[in-house]
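Since the structure of chain A is provided, determine the placement of chain B on it from the hints.
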Amino acid sequence: MTQTPLAPYTYQASFEAFDRAAKVIPAGVPGHLGPSEGCFIPNRAFPRFSSRAEGSRFWDIDGNEYIDYMCGYGPNVLGYRDPDVDAAAAAQARVEDVVTLPSTMMIDLAELLVDTVASADWAFFAKNGGDTTTLAIMTARAHTRRKKIVFVKGYYHGVAPWTQKLDYPGVLEEDVAHNLYVPWNDLAGLERMFQEHEGQIAAFISTPYMHGNFVDNVLPAPGYWQGVRDLCDKYGVVLIMDDVRAGWRLDLAGSDHHYGIEADLICFCKAIGNGYNLSALCGKDELKESVASLTYTGSYWMSAVPFAAAIATITKLKEIDAPSLFRARGEEVTSGIVAAAARHGLTMVASGEPALFYLRLADDDSLMLHQQWVAECVQRGLWVTSHHNHFLNASLTDDDVSRTLEIADEAFRLVAARNG
Amino acid sequence: MLTELDPRVTAHINAHAVLGALPVLVARVPEAAQALAALDKPTTVLFKAPGVAEAAYTFTREGVTPGAAAGARKVTLRFTSPAHLNRMVDGAAQPIPFGSPAGLRFLVGPFSELADLLGRYLRPGPSDLSDPEFAETSTVMTLHVAAAAIAQVANHDRSGRFSASMVPDGEVALEVGDQIDLRLRVDDSDFAFVRTAPSAPPRAALRFADLTVAGDVLAGRASALGSICDGTLGMRGYIPMLDNVSRILDRVGHYLGD
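First to last, the protein sequences are chains A and B. Take the first sequence: its letters are residues 1 to 420, numbered as in UniProt numbering. Take the second sequence: its letters are residues 1 to 258, numbered as in UniProt numbering.
One chain only, chain A, in its complex shape:
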């Protein structure tokens, strides 16, 4: 890779493509990969389209190169176009993919998940993370014949109507009428909620730690998860762990295992197939007949190529002990960035698990300084975000980390000079 460019990147081809897109696609690029939900601030500092990706990097359609700490918002866990995963997927593609009957590859993957994930007695496959969180809620309601769901404030469990809120367009009050909210790490509040609605709560759903957007991420307090487990058992509430985001980066046996408990249901997606599209809900034996009773399927949910890719991905993650690698790399990257900020008189806060670190410049309460820093980084080839936790992948090299810190330092210098 070249040295830190003196001039920021330009994106002529990206913007021309975006103009084409805006004519035929609502908002041009809707959703989290687009300028709005992706928080492209300021708008013109960010490209719109990529042309290729390999390992820890991708290139935009103007030819600009980026070290990518978003990893497609999580799926890239081994490195883009990992040769082992791609070979397994290609081999399966030569045989079959979407057919009238499923491939036994589905059984192979289910067996691998049951052997790997500590709390899993079975696996049910779908495509997106939201498919599995919705399935988990339906399963809990079918199993308990109760209506209410307890969420942790600041949650994100997908985009189905039940995951949204009273004031969201297109979401009816009835869609969220049975949603209850408790603060993170608040066992006493959770118990009060369980007592107040005793016999009515089907499930408690939570990510393994609070990795909400725009706020410092918060790990579970000592004893928190065991306390949650005990309360769920006491009140007959199904404990659902949404491991869509953190899964496969903290602990290959599941993030519930990482924090010392076993969930009743656990949701996986993102990193499970290194970019090949599938998701899985795993769960306990006592819920197996409940999930089997549901009407829940999709056109591509049993496609064989992603199953083969997931088997190769999980096998390789085990071989390289990916969670240990991610923890070490994450600590190296975040400590380097925090130190670089300090050299320019700025205060960077890194929070959450090192494998999925969240960054925030804490020198103002508006995130404007942080948004400036992110924009300078992106325009020099370091893809970070101002709103979301980051993701590590196993292909990140020592040289990548050095280059990361070099660009981060230059961006801090520019921000400090502009705001000094």
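Calculated from the structure, these hints are not laboratory results. All C-beta atoms, glycine included, are put in the ideal place defined by N, C-alpha and C. Just to be clear, a hint being listed does not mean it is correct.
In silico contact screen, one side only, chain B against chain A (beta carbon under 8 Å); selected entries [said to hold, decoys possible]: (1) F162; (2) D230; (3) G237; (4) P240; (5) R247; (6) D250.
If you anchor each label on the Cβ, the simulated ranges turn out as follows [claimed, not checked]: (7) B:D190 - A:I320: 51 to 61 Å; (8) A:A417 - B:P201: 14 to 24 Å; (9) A:A22 - B:S112: 41 to 51 Å.
Chain A is faced by these chain B residues, among others (derived, beta-carbon under 10 Å) [as the list claims (entries may be wrong)]: (10) R158; (11) G160; (12) M166; (13) A205; (14) S223; (15) L225; (16) G226; (17) T232; (18) Y238.
Below, chain B without anything else, positioned relative to chain A:
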């Protein structure tokens, strides 16, 4: 998303946001200023409806200011219900006026002229908008109404209060280029439209590239999301504030839309 509207919230919007654009109207439109040129003394008009926070505007030869003024002639418009107030603003009902003969003459004279002009600028016809100066004033007034209505919806509407409960303290700016910087102040989930000039940077800002973009977004001719994506509507700062203010603005659109 609530599908029903609350007439009490509509009345708050009408009393405090729609009529709240009168100062802008008189400041920008010579015809409106002319309507007050012959005013013999300051006159305060009060709007009273059950369940609606009282609104008052004081009219002088120099302009209109929100609130009552000591020593001013007082005229009170009473309404039997929030819906009655709303019908008056729509031109479909009459208020019950209380005041001196001079005060009542003010109502049927200058105030009536201003009300007609207000309606024309806030609901312009196509021929009005072909005049660039008219269109600009109309958009500026609409922006003021929208900003003031955000505060009313945030404080009084069920959906608005839900959104407001998730907005941290601080000021949110609605900017148009470098010309306009309207502020909403949030304090413990309570919203206020700030009518004085800003004195400090906001915690978060929505920035329309120009008045045309602002007019298109506020009139629903362009989506806010699409405008953010194409860069004509910029955002910066603490985005959760903007996220929730945008939801309240959507709800404002339900109340003010056709």
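For each hint, the structure was consulted:
For F162 of chain B, the shortest C-beta to C-beta distance to chain A is roughly 5 Å, which falls under 8 Å, so the interface hint holds. Taken as an interface hint, D230 of chain B checks out: its beta carbon lies about 6 Å from the nearest beta carbon of chain A, inside 8 Å. With its C-beta approaching chain A no nearer than about 4 Å, G237 of chain B sits inside the 8 Å limit, and its interface hint holds. With its C-beta approaching chain A no nearer than about 5 Å, P240 of chain B sits inside the 8 Å limit, and its interface hint holds.
Interface hint at R247 of chain B: satisfied, since its Cβ lies 5 Å from the closest Cβ of chain A, which is below the 8 Å cut-off. The criterion of a C-beta within 8 Å of any C-beta in chain A is met by D250 of chain B, whose closest approach is roughly 6 Å, and the hint holds. Range check, D190 of chain B to I320 of chain A: about 53 Å between beta-carbon atoms, so the 51 to 61 Å window is met. About 19 Å separates the C-beta atoms of A417 of chain A and P201 of chain B, a value consistent with the hinted range of 14 to 24 Å.
Separated by about 46 Å at the C-beta atoms, A22 of chain A and S112 of chain B satisfy the suggested range of 41 to 51 Å. Interface restraint check for R158 of chain B: the shortest CB-CB distance to chain A comes to about 8 Å, inside 10 Å, so the restraint holds. With a least beta-carbon distance of about 8 Å to chain A, the hint placing G160 of chain B at the interface is held under the 10 Å criterion. Here the hint on M166 of chain B is kept, as its CB sits about 9 Å from the closest CB of chain A, short of 10 Å.
Below 10 Å, beta-carbon pairs count as interface contacts, and A205 of chain B has one with chain A at about 9 Å; its hint therefore holds. Taken as an interface hint, S223 of chain B checks out: its beta carbon lies about 7 Å from the nearest beta carbon of chain A, inside 10 Å. Interface restraint check: L225 of chain B against chain A, minimum CB-CB distance 5 Å, threshold 10 Å, status holds. Here the hint on G226 of chain B is kept, as its CB sits about 5 Å from the closest CB of chain A, short of 10 Å.
Annotation: interface hint on T232 of chain B holds; nearest CB of chain A at approximately 9 Å, less than 10 Å. A cut of 10 Å between beta carbons decides the hint on Y238 of chain B: the least distance to chain A is about 5 Å, and the hint holds.
Violated hints: none; the structure is consistent with every hint.
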